[in-house]
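Participant: Assemble the complex: chain A is given as a structure, and chain B must be docked to it using the hints.
Line order of the protein sequences matches chains A and B. Just add 146 to the spot in the first sequence (first one is 1) and you have this note's numbering. Just add 168 to the spot in the second sequence (first one is 1) and you have this note's numbering.
These are computed hints drawn from the structure, not numbers from a lab. Hints should not be assumed to be uniformly reliable.
What the hints assert, rightly or not - Taking CB as the label site, the calculated pair distances span: (1) 269/B / 212/A: 25 to 35 Å; (2) 163/A / 254/B: 37 to 47 Å; (3) 216/A / 280/B: 42 to 52 Å.
What the hints assert, rightly or not - Just a sample of chain B residues kept apart from chain A, beta carbon distances all over 12 Å, derived: (4) 203; (5) 229; (6) 246; (7) 250; (8) 255; (9) 265; (10) 269; (11) 301; (12) 359; (13) 446; (14) 456; (15) 465; (16) 469; (17) 516.
Positions of the beta carbon are idealized from the N, C-alpha and C atoms, including for glycine.
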Amino acid sequence: MIRVVLPAHLKMLANVSGEVELEVAGTPSPASVIDALEATFPMLLGTIRDPLTQQRRKFIRFYACERDLSLEAIDVALPDDVQRGREPFFVVGAMAGG
Amino acid sequence: MSGVRVLVGTRKGAFVLRADGARKNWDVSGPFFGGWEVFHVKGSPVNPNRIYASQSTSWFGQLIQRSDDGGRTWNPVGNQFLYDGVPGTHQWYDGTPHPWEFARVWHLEPSLSDPDTVWAGVEDAALFRSVDGGLSWSELSGLRGHDTGSAWQPGAGGMCLHTIIVSPTNPRRIFVAISSAGAFRSDDEGATWRPINHGLHSEGLPDEDAEVGHCVHRIALHPSNPDVLYMQKHWDVMRSDNAGDSWTEVSGNLPSDFGFAIDVHAHEPETVYVLPITSDSEHFPPEGKLRVYRSRSGGNEWEPLTKGLPQENCYVDVLRDAMAVDTLDDCGVYFGTTGGQVYASANSGDSWEPIVRDLPAVLSVEVQTLA
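Bound-form chain B, shown alone:
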């Protein structure tokens, strides 16, 4: 019988939530790596039993954990993330050159075709790849070595590479996003890169249309239409119809165009989900109402999805990697909050139920659809 496995990274460990295709009754296991920050947990699309997790603390640094039995047991693999060559400098907050320093892995992206290949997006922003199941890591330094690299600058949350998307139809094409450098695309498996930020406007920049420097929060695409990208930027929800060559704003009637998470329905390429958050610094839902917004037209027209979600006194955040969809016939949508709730909808967002309510602050949510 089909089922789903929800992989949750939190401030104090990882959790694995399992259910059958009805997605009503859940088995919760964890915490794994209790007490450690788990920024991201993601499974291989080729071998769902192969799962990678990013585990770190300020005390003991970075570990990568790997499970080969669907998240029941874990073993540490390689954790040496050494920048290629002389790391050089990027721009510090005060505008002075600052050496690249590895802090942690924000995002792990397993290959669409090989369970031993996985990319890692790290802070300070760089892209690494392992081709041996996470045992060893090599930097794809063409990204950091881009002409603009020395001008990249961290935002308040550090300078992290948090989004990695490998094109499902062209394995040589990779998209990444960096806070706060912007979005980049490679068409040669990561050897060379170009910024893809034309059309982004960021009020926090002296040149609002600059080539780099935009605080992109998240990018998503639908596998059937990989040239169409959706972006949640620091402010503005954006859409590109040409693989990032240019972007147009599709925030439309959203109550706030700030947010972190964005995702696309598994079977409807023009159905998009965002979770509006207030900002500058509030970072909780507008009016204390936790609302997912859904557009069925690829943006601009958005409807609030509220059934089952708290509509008063809700002041949690939903972070960039904390929303995911499954691929069951009736698409499931999931998100986790900084208040420790993980909500699931088994009907494309029409109604929601909490799977768990009291986890540590949720950093990431990924879903595996199991045969």
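For reference, chain A alone in the conformation it holds in the complex:
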């Protein structure tokens, strides 16, 4: 079971509060977690990844285990603690300046 923390706007859009728990087939990566997230909550399609390129939207960040995973390949395996459900995978809206 993968635990996912969404930013407030996406929680509202998906009609959830708190963490989301997802079953992810195979070795979980940011890409496969988001695949599972979009399958469960289709209203989130295109809000985290660009619909054309399937890459992370530029103002979205991925964090886990106190690390920024945003610049790593989107299909790289998530940390073991995330895979085992001990730590959540964070989808974060980048801070706006000004």
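Facilitator: Here is chain B on its own, set in the frame of chain A:
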């Protein structure tokens, strides 16, 4: 009893303003989609309970929301706006080829005959259509594929398709306007297009009479006379009597011929409203006086409408999609400002009252007249 519903898109959400036919007492609901930019909200003329809204942010991209109960509840529908085939390039600011990139939906135009059909005008400029209530979208790529498409160039505000008008008497005829490519017309339901910019003069172009490249801000028509088009261009208010084949300037005595919004009275095809703004970059009303100008002669002669509007220290803007009219017997006129006010006139513009004063910056105003 008859009434109106005013649909307001703002920088930080959507609002629905309701009143009976007297248009005196207003119920305000919202914000819907708080924190998101709502460029446009518009209802189906066939089924007024069906309303579409364009919701976006730089963070989470584009969503389309649909209400089937007159704006009380909303559900996201399809948001996949994929250009047809290999998108190709248009011209970038420095003159180099730049790939077409989807940014957002500026305008939603529900069909005059089918509540499930709706067109979307997007940035980078293209026209999409849904025939399933917004669940899925297909590009009408004949527009972007026009011979001139690779030469289109964005203005300072991006390259957006912001105006869509389907002829009320000929459903095969569609008008669109793009900043800053100009106006285009299709006579085959959007399969093929021709520029309709003959007569436009734009000082910012090396060839002031170029076939494309004009910064058209808005086009409006009256349903009873669909060959007569009115245009607010970057500068110049223009009129065409032949469905855009040629244009003549009708700015007349306006204090500024720059502006964004333009609309036509619901029952008087030659009564036109504009809201002059100063430019180049000021983008506030001349002399700090918020004045709607009305022509009862199809242009050239304009009278200021000021009663109830601030006549000093007013420095707001009124954007291209932020003016609308209702179709009650005494035509109502509405506009919203970047200062968050939405003004209404229940007497064709003779006097005005604010419905609300403190919304986020208003991006769009549409009105539904309810039986």
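Participant: Of all the hints given earlier, name the ones this structure violates by number, lowest first.
Facilitator: 4, 5, 6, 7, 8 and 10
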